[in-house]
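**Q** In order, the protein sequences belong to chains A and B. Sequential numbering of the first sequence, starting at 0, is according to numbering that gives the first Met the number 0. Sequential numbering of the second sequence, starting at 0, is according to numbering that gives the first Met the number 0.
In case anyone wonders, no lab produced these hints; they're calculated from the structure. Among the hints, a few may not be true.
Under the rule of at most 30 Å between Cα atoms (straight-line distance), these lysine-lysine pairs were calculated in the DSBU-like manner [what the hints assert, rightly or not]:
1) A:K197 / A:K168
2) A:K197 / A:K224
3) B:K54 / A:K11
4) A:K168 / A:K190
5) A:K11 / B:K53
6) A:K11 / B:K10
One side of the interface only, derived from the structure: several residues of chain B facing chain A at Cβ under 10 Å [stated by the list, open to error]:
7) S28
8) P50
9) T51
Per the computed footprint, the stretches of chain A lying under chain B, defined by three or more beta-carbons under 8 Å from a beta-carbon of chain B, are [what the hints assert, rightly or not]:
10) 32-38
11) 73-81
12) 290-300
Everything numeric in this text was worked out from a predicted model, so none of it was measured. Glycine included, every Cβ here is placed at the ideal spot set by N, Cα and C.
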Amino acid sequence: MSGVRVLVGTRKGAFILRSDGLRKNWDVSGPFFGGWEMYHLKGSPVDPDRIYASQATSWFGQLIQRSNDGGETWEPVGNQFNYDGVPGTHQWYDGTPHPWEFERVWHLEPSLTDPDTVLAGVEDAALFQTTDGGVSWSELSGLRNQDSGSSWQPGAGGMCLHSIIVSPKDPDRIFVAISSAGAFRTDDGGKSWRPINKGLHSEGIPDEDAEVGHCVHHITMHPSKPDTLFMQKHWDVMRTDNAGDSWVEVSGNLPTDFGFAIDVHAHEPETVYVVPIKSDSEHYPLDGQLRVYRSRSGGNEWEPLTKGLPQSNCYVDVLRDAMSVDTLESCGLYFGTTGGQVYASNDEGDSWEAIVRDLPAVLSVEVQTLA
Amino acid sequence: MIRVVLPAHLKTLVNENREIELEVAGVISQRSVIDALENRYPVLLGTIRDPTTKKRRPFVRFFACEEDISHDDPEAPLPEAVVGGDEPFFVIGAMAGG
Chain A
0 MSGVRVLVGT RKGAFILRSD GLRKNWDVSG PFFGGWEMYH LKGSPVDPDR IYASQATSWF
60 GQLIQRSNDG GETWEPVGNQ FNYDGVPGTH QWYDGTPHPW EFERVWHLEP SLTDPDTVLA
120 GVEDAALFQT TDGGVSWSEL SGLRNQDSGS SWQPGAGGMC LHSIIVSPKD PDRIFVAISS
180 AGAFRTDDGG KSWRPINKGL HSEGIPDEDA EVGHCVHHIT MHPSKPDTLF MQKHWDVMRT
240 DNAGDSWVEV SGNLPTDFGF AIDVHAHEPE TVYVVPIKSD SEHYPLDGQL RVYRSRSGGN
300 EWEPLTKGLP QSNCYVDVLR DAMSVDTLES CGLYFGTTGG QVYASNDEGD SWEAIVRDLP
360 AVLSVEVQTL A
Chain B
0 MIRVVLPAHL KTLVNENREI ELEVAGVISQ RSVIDALENR YPVLLGTIRD PTTKKRRPFV
60 RFFACEEDIS HDDPEAPLPE AVVGGDEPFF VIGAMAGG
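Bound conformation, chain B alone (with noise of 0.2 Å):
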């Protein structure tokens, strides 16, 4: 089970405060991640990447172990610790505008 923390407006749409557990199939990635994201709330897509060519939002950024792993490769393998539940993933609204 993969645990995700989403920042408030996000929390705010898909109507949960709490962190998400989410059945992640394959390869855990962000990429797979996301995926099964917005697969469970249609209402996220276009939030946090282009629907169409997958890239990131510019003030979106994804933590995982304390780790900026924002630019890693969107398949690559995320942390023991996230596959295995022990930390979440985090998405992340940038700071910016004071």
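Bound-form chain A, shown alone (with noise of 0.2 Å):
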């Protein structure tokens, strides 16, 4: 029978929440690495009992570990992400240079094709790969080389290069976004990198036609459409549908459009998910009443849904890799709140229910679907 397994990263720890696929009764188990920050954790699309996890503390830094029975038992693989070359500077929140400098791995995104392939967005902004499973990783120095790297700059949540999206259809085209740089793609796999930021428009950036700088909180793609993507911005929720070429945004009747967490309908690829949080200085829903908004037209109209949701007294936050979809026949919705609940869905968003609420803060949902 299918099943889906919900990865989930915390403040303090990681946890793994398993169901049938009828989605009704969950299994918790963890913590595992109790006390670290967990960023994120993927499976293997080719081998979803190969799992990868970003494990991390300002004290003792990073490290990454490594799966291959689903999650059952874990083993550190390598550590080490050394920039290439001379990594120069950035600018800082002030302006000044500021050099480059390894924080942590924010997210990971395990090839499409090899279990042993897998790319990682780092703080401070760059791209990692491995090919050996995670042993050894090099920079794709590409991206943070290209002419605009050195006057990006941090926004409030550090550096960080945070959306990885391979392109189902060509595997050599990528795109990422990084905070506050904006989203930039490669068509070479790598090697050479654009922005892709034109029709993005940012409070405090005075050149309307600005190539970076722009806040961007996520991106998202459905894969019968790798040239349509999806974005949350620091404010604004925005399309493309010439792979970043040019952005329209979709806001449209949305009750406020900042946000991080954006994502798509496993079967309809204009089925568009986001939860509106109120302003960049609240990061709490609207009215104290956690709503998760729906577009079924590929954005601009957007419909609240709230059964299940708490609709009073909550001020919680959805962070940016908290969201995820699963492919069975009634695609599933799961997401987790700075409060330590995990939401699902077992009906597109219609209804949902809190299969865990009193987790370390999340940071991060991913979910898979198992045969």
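Join the two chains, each given in its own frame, into one complex according to the hints.
**A** In structure tokens:
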């Protein structure tokens, strides 16, 4: 029987939630790596039992853990993330040059075809790759070294490369997003990159045509439409239909278009989900009501989804990597909150329930659909 | 035999709840103790010091005989009480964050 496995990274360890295809009853295991910040866990699409996890603290640095048995056991693999060459400087918050310094791995993106190949997005923003199952990592330095790299500046959460999408149509085409530099694309497997931020408008950037400096919070894509991407920017929900050459705003009737998480329905490429957050200074839902918004038209027209979600006195946040969808016939959605709840819907978002509710603050949620 | 006490996060990594006993060859110094520790537990590589420069991580401190020896020469011999196994060598996560 089919089932799902939800990989949850939190501020104080990782948890794995398992259920059968009905997604009614859940088994919770963990914490794994208790006390450590688990920014992201993700399984290989070609070998779901191969899972990679980013484990870090500011005290003791970065580790990468790998499981070959679906999260039952783990082994540490390589944790050397050395920038290629002399890394030089980027801009600091005050505009002065600041040396590039590795802080942590924010996002792990296993290859669509090879379980030993993984891309890692790190802070200070750079893209690394392993082709030996995480034992060694090397930088795809064409990204950091493209023309604008020295002008990148950190956002409030640090200068992190947090989103990585490999085109299912063309493995040489990769999209990444960096806070707060913007979105970038390579068409040659990571050798050369260019900013893809035309159409983005951001407060605090006087030049409306600025190539970089946009605080992109997350990007997502449906595999059947690899030229269409959706973006939750600091403010504004955006879409592109030409692989990032230009973007248009699709915030439409959202009550607030600030937020972090955004995802696409597994079977409907024009059905998009966001979790609106009140503002950049108030990282909680509007009016204390936790609402997922769904658009079935690729944006602009949004409907609130509230059944099963707290509609009063709710002041949690939903972070950028904390939403995921499964690929079962009735698409399931999952998101985690900074209050430690993981909410799930087994009916495309129509109704929700907390499948676990008292974890440490949730940093990431990834779901695996198991045969 | 050198006794080493690790902070909680690193005990989790090495799956040891108690202090660790290490055979250390040659001069017993911060460097040789950490070398021996990393040799036995490769998972600790990079968690206490930079694996290339060997520089101590900013939030990690070393204590021995109730003294903070973090800024001592890493090659300097550790106190006799540590060398003789009467006192442990402490790896400490600096107090920070409330």
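**Q** Each hint should be assessed against the structure and marked as holding or not.
**A** Checked hints:
no.: 1; hint: A:K197 / A:K168; in the structure: holds, 23 Å
no.: 2; hint: A:K197 / A:K224; in the structure: holds, 20 Å
no.: 3; hint: B:K54 / A:K11; in the structure: holds, 27 Å
no.: 4; hint: A:K168 / A:K190; in the structure: holds, 18 Å
no.: 5; hint: A:K11 / B:K53; in the structure: holds, 28 Å
no.: 6; hint: A:K11 / B:K10; in the structure: holds, 15 Å
no.: 7; hint: S28; in the structure: violated, 21 Å
no.: 8; hint: P50; in the structure: holds, 7 Å
no.: 9; hint: T51; in the structure: holds, 8 Å
no.: 10; hint: 32-38; in the structure: holds (count 4)
no.: 11; hint: 73-81; in the structure: holds (count 4)
no.: 12; hint: 290-300; in the structure: violated (count 0)
Checked against the numbered hints above, the structure violates hints 7, 12; every other hint is satisfied.
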